[in-house]
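If you read the sequences in order, they're chains A and B.
One point on numbering: in numbering that gives the first Met the number 0, the residue at position 267 of the first sequence is 266, and numbering is uninterrupted.
One point on numbering: in numbering that gives the first Met the number 0, the residue at position 123 of the second sequence is 122, and numbering is uninterrupted.
Simulated from the structure, these hints should not be mistaken for lab results.
Some hints here could point you the wrong way.
Claimed, not checked - Reference excerpt, derived from the structure (chain A facing chain B, CB under 10 Å, subset only):
(1) Q2
(2) A11
(3) R15
(4) E22
(5) A40
(6) Q70
(7) L99
(8) Y107
(9) P111
(10) I116
(11) V133
(12) Y142
(13) I342
(14) Y344
In this text, all values refer to a predicted model and were calculated from it rather than measured experimentally.
Ideal Cβ placement from N, Cα and C applies to all residues, glycine included.
Protein chains: 2
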Amino acid sequence: MSQVQRMSRLMAKTLRDDPADAETLSHKLLVRAGYVRRTSAGLWSWLPLGKKVLDNISRVVREEMDAIGAQEVLLPALLPKEPYEASGRWDEYGDLLFRLKDRKGGDYLLGPTHEEIFTQVVKDQCTSYKDLPVMLYQIQTKYRDEARPRSGVLRGREFQMKDSYSFDTTDEGLAESYALHRAAYQKIFTRIGLDYRIVSAVSGAMGGSDSEEFLAPAGAGEDTFADCPNCDYAANTEAVTFQGAVAETVEHGPVEELDTPDTPTIETLAAHLGVPASATLKNLLVKVDGEITAVGVPGDREVDLGKLGEHLAPAVVELVTAEDFEDRPDLVRGYVGPQGLKIRYIADPRVAPGTAWVTGANKPDTHARDVVVGRDFEVDDYLDVVVVEAGDPCPACGTGLNLDRAIEIGHIFQLGRKYADTFQLDVLGQQGKPVRVTMGSYGIGVSRAVAAIAEQTADEQGLCWPREIAPADVHVVAAGKALQTELAVDVSEQLAAAGLRVLVDERPGVSPGVKFTDAELIGVPKILVAGRRSADGVVELKDRRTGEREELTVAEAVARLTA
Amino acid sequence: MSQVQRMSRLMAKTLRDDPADAETLSHKLLVRAGYVRRTSAGLWSWLPLGKKVLDNISRVVREEMDAIGAQEVLLPALLPKEPYEASGRWDEYGDLLFRLKDRKGGDYLLGPTHEEIFTQVVKDQCTSYKDLPVMLYQIQTKYRDEARPRSGVLRGREFQMKDSYSFDTTDEGLAESYALHRAAYQKIFTRIGLDYRIVSAVSGAMGGSDSEEFLAPAGAGEDTFADCPNCDYAANTEAVTFQGAVAETVEHGPVEELDTPDTPTIETLAAHLGVPASATLKNLLVKVDGEITAVGVPGDREVDLGKLGEHLAPAVVELVTAEDFEDRPDLVRGYVGPQGLKIRYIADPRVAPGTAWVTGANKPDTHARDVVVGRDFEVDDYLDVVVVEAGDPCPACGTGLNLDRAIEIGHIFQLGRKYADTFQLDVLGQQGKPVRVTMGSYGIGVSRAVAAIAEQTADEQGLCWPREIAPADVHVVAAGKALQTELAVDVSEQLAAAGLRVLVDERPGVSPGVKFTDAELIGVPKILVAGRRSADGVVELKDRRTGEREELTVAEAVARLTA
């Protein structure tokens with residue numbers, strides 16, 4: 000039998016005002032409704048109501064992970080440095096990693112994610128292809144020392160995460176483990192009531208399906224994704240690919256130099272010449288493994304250095320500094336143009352063959368007009384490097400894309416053999432020879448999901464939970480004196496006996512108005528009020544989301560709720 | 000419907016040999032049976048079988064904590080320094096505390112226990128006596144940087160603990176919260192199948208019931224407790240009180256000085272004089288807040304400096320050093336006697352009025368005989384300060400005590416107002432004035448309980464779990480070929496459909512002998528074998544603990560197991 004939770008005893012003090020430091024809706028409401036309290040920057044205490052929502056999400060995650068045959072384990076959160084040093088992540092994580100020493104001076108870290116340790120566990124446990132495939136998961140406390148922990152539990156420094164890992168001997172096996180996880184994630188997010196999109200997370204260069212993100216659209220989200228209003232295309236903005244501009248065959252006049260003093264920016268240049276910024280060619284200088292390289296994009300676009308770095312990896316991309324110009328009279332700061340330039344020239348596909356541009360003339364205070372791609376200069380490499388903007392064409396259908404904010408709630412990744420190579424994870428294959436194992440890695444932000452659901456479902460009155468994860472099924476309000484309180488407690492006992500999770504507000508000396516406001520704020524899906532007609536055994540049943548209410552006898556209300 | 004776990008897929012590689020570094024039975028067996036693996040010193044990975052046992056114990060703990068009205072929360076494990084500095088524990092914990100800095104240089108710790116943070120939560124949440132009493136708990140990962148992490152999960156540096164805290168306005172309320180916890184702990188330990196004793200944890204000076212330990216007798220335990228074979232008295236050895244020796248009225252001769260060269264120790268002295276060590280009086284010199292003080296105990300007993308310190312707290316007790324003798328010609332090293340001594344003299348109650356002793360004569364190479372308490376010297380304070388030994392009288396009935404080894408699995412503590420004073424935790428009382436809150440703190444070592452149960456229940460064949468916490472209800476063994484495997488899987492499905500948790504060993508190419516050995520090692524309470532008589536639909540049901548076995552039809556076996 001479920002227990003009735005009395006509000007008079009519940010550790011959930013509601014607040015009328017938003018916490019001063021809260022910016023997002025979920026942060027404000029989860030604090031105001033008594034679900035969480037801040038212990039320190041990015042470190043949150045989950046109070047009873049919050050813990051119940053967290054547990055409900057964890058339960059759904061467990062059920063769906065178990066259903067695909069994944070096995071639950073629990074690895075330490077405090078981890079030795081060595082495996083992370085071997086994988087390179089001890090350094091790569093930079094300041095994001097919490098590092099510490101033990102009493103003997105040994106180096107440790109607080110695990111941000113556990114690829115290394117799972118690889119070691121499987122290396123210890125599995126020796127033959129017969130032991131694979133295997134999928135392991137844990138729901139565990141994770142750590143990241145965020146530079147600006149904010150948005151409440153949406154981005155904490157300590158958080159709950161479900162991380163799982165698949166181990167296969169073949170690429171086909173990995174694809175299958177990945178597909179199982181993808182399907183399980185769809186079930187999980189649907190069950191917990193999240194509106195979500197699955198988006199490609201990396202560019203097509205690595206294969207469309209090898210990493211996807213599950214995003215919950217929400218204004219408070221820190222991720223931006225591109226969304227086609229016409230077809231079902233959606234992608235992380237970094238993964239959107241531009242489907243090549245068409246080469247132009249129009250005849251252009253010869254290159255013409257223009258006197259352009261005091262035009263240090265694209266804006267001033269465009270205004271001076273009376274042309275749109277999109278008619279100008281911006282040439283960004285970077286160093287690629289130390290070699291100065293120019294990157295040309297239309298003047299109205301920004302270079303996405305992340306995208307550029309990903310295209311050129313493992314080469315290191317840096318911005319040029321003033322010193323880099325010292326021995327290079329050929330590079331005239333602010334007036335660089337691709338024509339006659341003696342360095343590598345990378346261009347965005349929009350800078351298509353045959354197109355003409357206004358660009359630097361490689362002389363101070365001078366620009367050039369009608370500089371034509373393929374006639375006046377050559378592009379060494381075409382790479383899609385601009386920041387995606389709303390209205391850019393959908394790679395699938397060409398329709399202008401929308402850009403939306405979202406919260407990343409899940410990420411699935413075909414890792415391949417990176418970690419298996421690091422730790423030499425082989426099993427004996429069917430032919431009797433060692434076979435290198437291939438891995439997948441899959442994560443769900445469990446505590447973040449609480450905030451994401453709050454963001455998507457809350458209204459002006461407060462939180463508004465989907466039933467499967469709500470902290471209770473019914474919130475019973477005693478709106479009156481002894482008679483109402485007695486009826487409220489009695490109905491609560493009946494509902495609990497029928498297996499429902501019941502919260503009853505029987506606080507003495509608290510007005511019905513305050514109780515109603517708290518009930519709306521706390522957001523249990525059904526609110527049952529023992530009010531004026533209690534003497535007749537009539538109660539009011541209200542749907543928290545729709546606001547619909549009806550008067551019912553106690554028996555009818557119990558029947559309705561337990562149906 | 001429960002799922003059937005197939006051994007062919009289970010991440011639980013059994014080992015025939017004990018791990019080289021394992022000293023205790025539970026450490027050996029939990030590793031050999033594939034329940035846990037060591038990730039680093041004192042840091043353990045819980046594999047699927049171990050995780051199930053851990054979860055089962057957690058479930059029982061939750062049910063009993065909920066039953067007494069405690070509310071579950073989850074506080075951070077990574078905690079800011081300030082509250083622990085305020086309570087003094089940032090320093091007091093010494094090397095046991097894992098300390099770290101964040102990217103901004105702020106000081107943090109990994110929580111060993113959470114009194115400070117719970118006090119802050121309640122200060123934030125509760126303002127009136129009407130909000131109390133309240134009991135909060137969490138099941139959480141805790142950290143202690145043990146000097147010598149050993150004994151497997153019995154003493155890890157990261158471990159699972161249930162910690163709870165009660166908050167009351169009155170001493171009577173605290174006593175009630177304490178009693179509720181005590182009763183819940185009895186239910187929990189009984190349900191999870193532990194043989195345990197409740198022992199007083201501190202001396203009677205602070206009140207007999209204000210701290211008790213739950214100890215699981217086991218040879219691998221690191222705690223020693225005194226146990227009366229005649230009555231129900233049991234106590235931590237530090238808490239055993241000596242019920243005063245009776246004053247003697249025998250007439251003794253006058254003090255006689257003896258030439259005793261080369262007798263630097265009690266042993267050499269006793270041998271030289273031909274008397275038992277118990278006839279000599281040992282005088283230990285210590286400094287109490289810097290003042291030299293003598294502590295007299297019978298020569299065959301040791302001073303328990305912990306007990307002495309507790310008696311004299313908050314005074315600081317230190318041992319004397321050679322320098323302390325430099326300006327004190329009255330103190331003759333190795334030959335100190337209480338007679339004529341000009342310093343404070345503390346004695347164990349065994350040094351009773353009227354008793355005569357051989358002791359130092361305060362002259363080099365000289366002892367004195369027939370030095371009588373009350374005639375030749377006075378005792379300033381009688382304090383029970385000796386290390387308890389087997390055979391010491393039971394404080395309750397006088398019978399000689401046994402000393403036994405045990406594992407501490409729970410601790411309940413009436414803290415009083417220490418933390419409430421630190422954080423000024425007051426609520427508005429019934430009279431409208433602030434009332435300081437009084438607290439209790441209660442812990443159960445959840446991961447340690449796994450090892451404690453293993454220690455108490457294992458036999459020569461392996462682990463042997465009580466049903467409530469076993470990783471499965473039934474271990475089905477396919478002992479044969481296709482026919483047996485088919486039957487084993489079929490029976491397993493039937494049992495799972497009836498709600499049982501089933502592990503089925505259907506590993507192809509593994510001999511029945513290996514499967515039997517593994518089943519005994521893994522320790523599920525019931526073992527069902529599909530063997531020689533499978534063609535007749537007859538299986539063998541074996542009780543893991545008693546070894547009793549009987550042949551049954553499949554229908555009979557299913558009925559028996561699901562009864």
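Hint check results:
1. Q2: 6 Å, holds
2. A11: 8 Å, holds
3. R15: 15 Å, violated
4. E22: 20 Å, violated
5. A40: 8 Å, holds
6. Q70: 4 Å, holds
7. L99: Given a least distance of 4 Å, the restraint on L99(A) holds.
8. Y107: At 8 Å from the nearest chain B Cβ, Y107(A) passes the 10 Å test, so the hint holds.
9. P111: At 13 Å from the nearest chain B Cβ, P111(A) fails the 10 Å test, so the hint is violated.
10. I116: 6 Å, holds
11. V133: 6 Å, holds
12. Y142: Cβ of Y142(A) sits 7 Å from chain B, so the hint holds.
13. I342: 37 Å, violated
14. Y344: Violated. Min distance 39 Å.
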